[in-house]
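Chemist: The listed protein sequences correspond, in order, to chains A and B.
Position 102 of the first sequence, counted from 1, bears residue number 102 in the UniProt record's numbering, the numbering being contiguous throughout.
Position 365 of the second sequence, counted from 1, bears residue number 365 in the UniProt record's numbering, the numbering being contiguous throughout.
Misleading hints may appear alongside valid ones.
If chains are identical, the list can't say which one is meant, so a pair holds when it fits in one copy or spans any two.
In silico EDC-like cross-links for lysine to aspartate or glutamate, where the CA-CA straight-line distance does not exceed 20 Å [unchecked claim]:
#1 10 <-> 46
#2 324 <-> 169
#3 324 <-> 412
#4 350 <-> 85
#5 371 <-> 388
#6 23 <-> 220
Note that these hints are calculated values from the structure, not bench results.
Protein chains: 2
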Amino acid sequence: MAGDKNFVLKGNICYSEDAKNLKLVEAGWLVCREGLCAGVFETLPEEYASYPVTDCGDQIITPGLVDLHVHAPQYAFRGLGMDLELLDWLNTNTFPEESKYRDLEYAKRAYGIFADSMRSSATTRACIFATIHNQATELLMDLMEETGLKTMIGKVNMDRNSPEYLCEESAEQSAADTVKWLEDTADQYENVRPILTPRFIPSCTDELMRKLKEVQKKYDLPVQSHLSENQGEIAWVQELCPESRFYGDAYDQFGLFGGDVKTIMAHCVSSTEEEIELMRERGVYVAHCPESNTNLSSGVAPVRTYLDKGVNVGLGSDVAGGSKESIFYAMAHAVQVSKLRWRLQDTSLKPLTVEEAFYLGTMGGGSFFGKVGSFMEGYEFDALILDDSDIRHPQPLSLKERLERFIYLSDERHIKGKIVAGNRIF
Amino acid sequence: MAGDKNFVLKGNICYSEDAKNLKLVEAGWLVCREGLCAGVFETLPEEYASYPVTDCGDQIITPGLVDLHVHAPQYAFRGLGMDLELLDWLNTNTFPEESKYRDLEYAKRAYGIFADSMRSSATTRACIFATIHNQATELLMDLMEETGLKTMIGKVNMDRNSPEYLCEESAEQSAADTVKWLEDTADQYENVRPILTPRFIPSCTDELMRKLKEVQKKYDLPVQSHLSENQGEIAWVQELCPESRFYGDAYDQFGLFGGDVKTIMAHCVSSTEEEIELMRERGVYVAHCPESNTNLSSGVAPVRTYLDKGVNVGLGSDVAGGSKESIFYAMAHAVQVSKLRWRLQDTSLKPLTVEEAFYLGTMGGGSFFGKVGSFMEGYEFDALILDDSDIRHPQPLSLKERLERFIYLSDERHIKGKIVAGNRIF
């Protein structure tokens, strides 16, 4: 909802300057000018004296959270059936559920629930997988547009290795449907943008990947897919693409792996050194999905390595591999699994800190959308107003402590305000 | 609050028969007779026709949850400071916080918050550590008595290796204070019982342990302590007790390790085979604390081994090693970390199933209290009435699916009723 995008929020402000540095400003003034951050001040500068001020009292103000990887059609079975590894899980739980979205009534019901939940959550920006179905995907886009969140949404491509009830007829059909989807939805939305979504290498013939590259170029689309999540999957890709040097190279051979193609690859749990180096070089984004990687027994991605090497990383809820859409929960889980990875797998990679987890869920993922995920000057003004007053404590707490607890202990009840690009959602 | 303990709950009933078998009865009748379960029926037997019936509609009814290990004084800093391993964490965060409980005003405030939270939670029975301070411990017992939960609460013993501000003067003083605490609180409570609580071997001189054995025998007390949580701790115990064959043997040498002494040992992450065998033989209870073991980078306990060998196991929140008092959350976390242990450490130990996690958090821990944690005939009637109606879903769900989702997705808002030993808490 458009409104006046010049205003001030006063409260206890927390935001990342980079992966290691968290800036905390108590009783600070956070200025939004024309939908962008004009800065965080200890005293309100004269030039903003005419701006309306929302005094958030003792509440905490943070940037909105970014979910780089979530499957909207799987929201229906979140918290269920996580007793299989990836490939079996897809065949047993996921593909049957996704096939239901050919029924628009079901899609409306299911996507309505998803959109409501995303609206209420702390997420301000998200990259979302839909299904192969054009109409359901367009319905999802309509619903997400209304939430006011800024999202990228993709009709999924799958022309092989899935059941007939969830498989596109041919590479040609899949590409044609993709173009139709793009044409049907062109210029319809302010908040939603399309993102090219080949499900993953096993789902997409070489021919389809080549056609999708043409589509990507023609429509100048970003791309999202999956990479190196699970050992069985990696071995399968090697069989399917025997000339690829590693899994990521299979995408790269089709020109769909970073460079001038903005790309998110979810998981990257077991990426080889070569693959990591290519991701770094090409600016590919890793969507780190700690809960999903745990629930499906895939392992723990070496996020420390990605941060150290300057590979772009953000967080993904990966519902329904993950059970919750909450990116605060993903932050806590990211710290937790990094500790188990350190203890059980590799003590050379130190666990993540709270500062780093916070960065991942805000600026780390936000940068995929541009200058998003921080309150540094010039950043798009996405913000959350958070009330931790019912998380009772007998002792005084610093702002840093309040933020850390918030990550571990809060839920959507504690989100009292949400702003995206200067627009108030609630 | 005593009341008529003959009544019926009608609803969707879930309970464990053992670690592997979850019984589900839709639209079933669960009869409480004299505070004990008389059974679960598909049709209400004639003999109970006069009993008042609470029709819970579509709600789910489960046994109450059991928290075998929680530190009441640490509730104040839950969700904070989990960036150190055990021994450093104790010295940096825990001991300073626990020392504040010499101040009764602080204790009242802090324990008031803890008691309220426990009351609202899904926990019906808990084994709780207090601090070394008699008065604060008695205050905690008063507060927990009022909640109606059945708890065992222990004044903690610590006469070495802690800062002077949180260390008892001598073994003699510690034992004398323990006796005074027991005498002061004898016969005061219906719901609270004392449990002997030597903090752990590093905190307790041999002399203190010997004196505590005398106290244990005289007052016929159960015992709770910590065991094999962390490598540094285990090594330290070996130094302190050079004649012990393993950590558990150090407790056993003082006669405080199962047999006719009901004993809970928290963690057991890195127990040796010998230690596990002794626990099994002696009926020692493992309080498995998955979140704490993760947050403090201790590792993952081999719960599968414990279940396979018939070692008693229940769950512990271990606040503030763990961030939440929720045992539903502990169930989910137990499944999750068992998957990472399988993937990263030992693929011979299959991950826990949802049925097993549910068992651990009800009957597994409940058996420490007697016939507790199930709806089989003769079990004490602890129950929860759970409403998952706001966890929206577009598709029909089976009762089993509803229970699984509930474990992952619920919070205390969803607990609509709570009964302990036939008494309605709310």
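Chemist: Hint by hint, which ones does the structure fall short of?
Modeler: 2, 5 and 6
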